[in-house]
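S.K.: So the chains spell out like this:
Protein chains: 2
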Amino acid sequence: MTAPLRVAVLGAGTVGREVIRALLDRPGSLRSADGARLELGGVAVRDIARAVAAGIPEALLTDAPAHLVATPETDVVVELMGGDEPARTLIAAALTAGKAVVTANKHVLARHGPELEAIARRTGAALRFEAAVGGGIPVLGPLALDLAANRFEAVRGIVNGTTNFILTAMASEGRAYADVLADAQRAGFAEADPRGDVEGVDAANKLVVLARQAFGRWLEVGSVARMPELVAGGLGAPGITGVTMEDIAAAAARGLAIKLVVSAVWSDDGVISAAALPSAVPLDTPLGRADGVLNRIEVDGVPVGRVAFAGPGAGGPATSSAVLGDLMAVARGAGSTWAGLAAAAGSFIANRPTASETFDAPSGARYPVLR
Amino acid sequence: MTAPLRVAVLGAGTVGREVIRALLDRPGSLRSADGARLELGGVAVRDIARAVAAGIPEALLTDAPAHLVATPETDVVVELMGGDEPARTLIAAALTAGKAVVTANKHVLARHGPELEAIARRTGAALRFEAAVGGGIPVLGPLALDLAANRFEAVRGIVNGTTNFILTAMASEGRAYADVLADAQRAGFAEADPRGDVEGVDAANKLVVLARQAFGRWLEVGSVARMPELVAGGLGAPGITGVTMEDIAAAAARGLAIKLVVSAVWSDDGVISAAALPSAVPLDTPLGRADGVLNRIEVDGVPVGRVAFAGPGAGGPATSSAVLGDLMAVARGAGSTWAGLAAAAGSFIANRPTASETFDAPSGARYPVLR
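Going down the list, the sequences are from chains A and B.
Reading the first sequence from the start, the letters are residues 0 to 370 in numbering that gives the first Met the number 0.
Reading the second sequence from the start, the letters are residues 0 to 370 in numbering that gives the first Met the number 0.
It is worth saying that the hints were derived from the structure and are not from the lab.
One thing to keep in mind: the hints can contain errors.
[Unchecked claim] Covered by chain B, according to a simulated footprint, are these stretches of chain A (three or more residues, beta-carbon under 8 Å): (1) 32-44; (2) 140-148; (3) 291-305; (4) 336-344.
Every residue gets a Cβ at the ideal spot worked out from N, C-alpha and C, and that includes glycine.
Pulled out of the complex, with its shape left as it was, chain A reads as follows (with noise of 0.2 Å):
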């Protein structure tokens, strides 16, 4: 008997409360043939009276995250508090104490990537992420093992759901931006502040995280191109905030959808282009047709072709398949999401696509074209 996988979790919000179920409810069942058990050792929220309110048992709790980290009875952290600090730190300093952790913080690593890479490397942790880019699906490990032999040329996708789910809402009913965003506030599909959807900036993180397993370079995130050309020149307001309707229904006359696409692309010289921008999308290809909360991820490498993964992409059950299959993966002693790839370099500033087709709009907005 391999002695448990003693496991503290940071954060209890959608995703945490799942993960948190799972290894209450199934410790036998999350126990991989050949790995050890896992065992939940404690939670760390900001308020230890709504997660009892929650049904967590108050004895797992604490709201000293720090301290459960550095505690000799934690092996492994699932850090589920998204944003930076104190995530940055938290993870950092497991990392450095040997301790494994399993994140689905994009934020985190688009921006500390190399800094995470590096210790982990150094100290031989394993820093595991499926959870960050397409929720369950899985796309960052099979990209590091089942397609380890490939040469990827470009990585593209749809990758936010609560985009995704404005702009098919705009273009089903007719609606206008501010009024199908303020649906989905009360729907639970945006948030409260939803810049970090609508302005592309989580799918500019995905799409760091995507391209650090594609193509060994860890991009500067800012380097990502997240507002549209305009057809006066200079650039447009950033993601989705400045489609328009009318943007919608043009570009639907010609065959096509508006969506947030994520790029990125390799050329031969070593140069990576990367974009999470509004872009028109032919109706009648998979992309254009992936509507609401759907995610899918397109990878062209050679020799493969193009392979593509699709399913729900955010959501706390969904999002927990990854988190505990990570888990899992620790406790077989799988290593990184990274496996067997090369130490990836760090603060490779990304151009800007140049397109190829572009699709001038109503509201002045110059949308690439991707076919």
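Position chain B relative to chain A; hints supplied.
M.R.: Here is chain B on its own, set in the frame of chain A:
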């Protein structure tokens, strides 16, 4: 420096030639950062002169595969001969000797999976077979790794490119089965003896391998339903051999496409229903739109929901991606394709699925409708 892993390739057909070329041309890039280097030690073929003419160095060639497997010079065996014997015996011999095996052979796995898994588990040799389903599409690995925390309820998909090519051409060109099949044979999309594909045997083999990963059972391949029910009672011709262009036209008039769909469903009482049947799927769904030689596999898991994998399901380059990825996994010591899953029970008899909705076609076949 770890000693290189010496690879023996059995078979130099479409896939084998791509694998051999990659091992000869890219020895550096096929070594993962923390894995041993892969070195081509020998290639076993039936016809040495033909292999030399195809550009394989004569010094590597032998027509004695058993000797190549047995020699202490071979560390890893890549079996790409296909078919039952001698593939089964060679794989079993390699695993018995503790040598890792990478294979694309769904025929052998579907018939001898329990025996081969038992040998691999006993000797600790890795058995990897990502290429057996979906060509280069990663699906077997992700089921056992990234999705390991899920309980799977169903797996279905289009996994045979030949039949999908034929059905797509019949639908789009309004031509008869025999006519399209003859064209497909001339174009190299169908074999001279096409029965393995058109009678659904290849698809059933792949379903057995998928079900092993999803449900932890090796199904008895003969229990996978391949003959559609007839309206008049009894069973019709196997696979797509009885599908007429009138059937396809009548289905299209109802918004349905006829596709050879594999499907395995787990019910709570431990029963698995499995079929590789021509089925009616709505034209406006991803399965209904998966045309030509594309493959698409969908899995329904709890908690993840429905995840889909799509891409080129056949062809030398695409399939070599999976074989080479498996070789890199072997070099890293990543174990078998079932990863941490529990040992699978063998010879599990599947039930014939009962369709809740059927389409009575002009030919007299009663196709299940899969929505």
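S.K.: Any hints from earlier that this structure breaks? Give me their numbers in increasing order, please.
M.R.: The structure breaks none of the hints.
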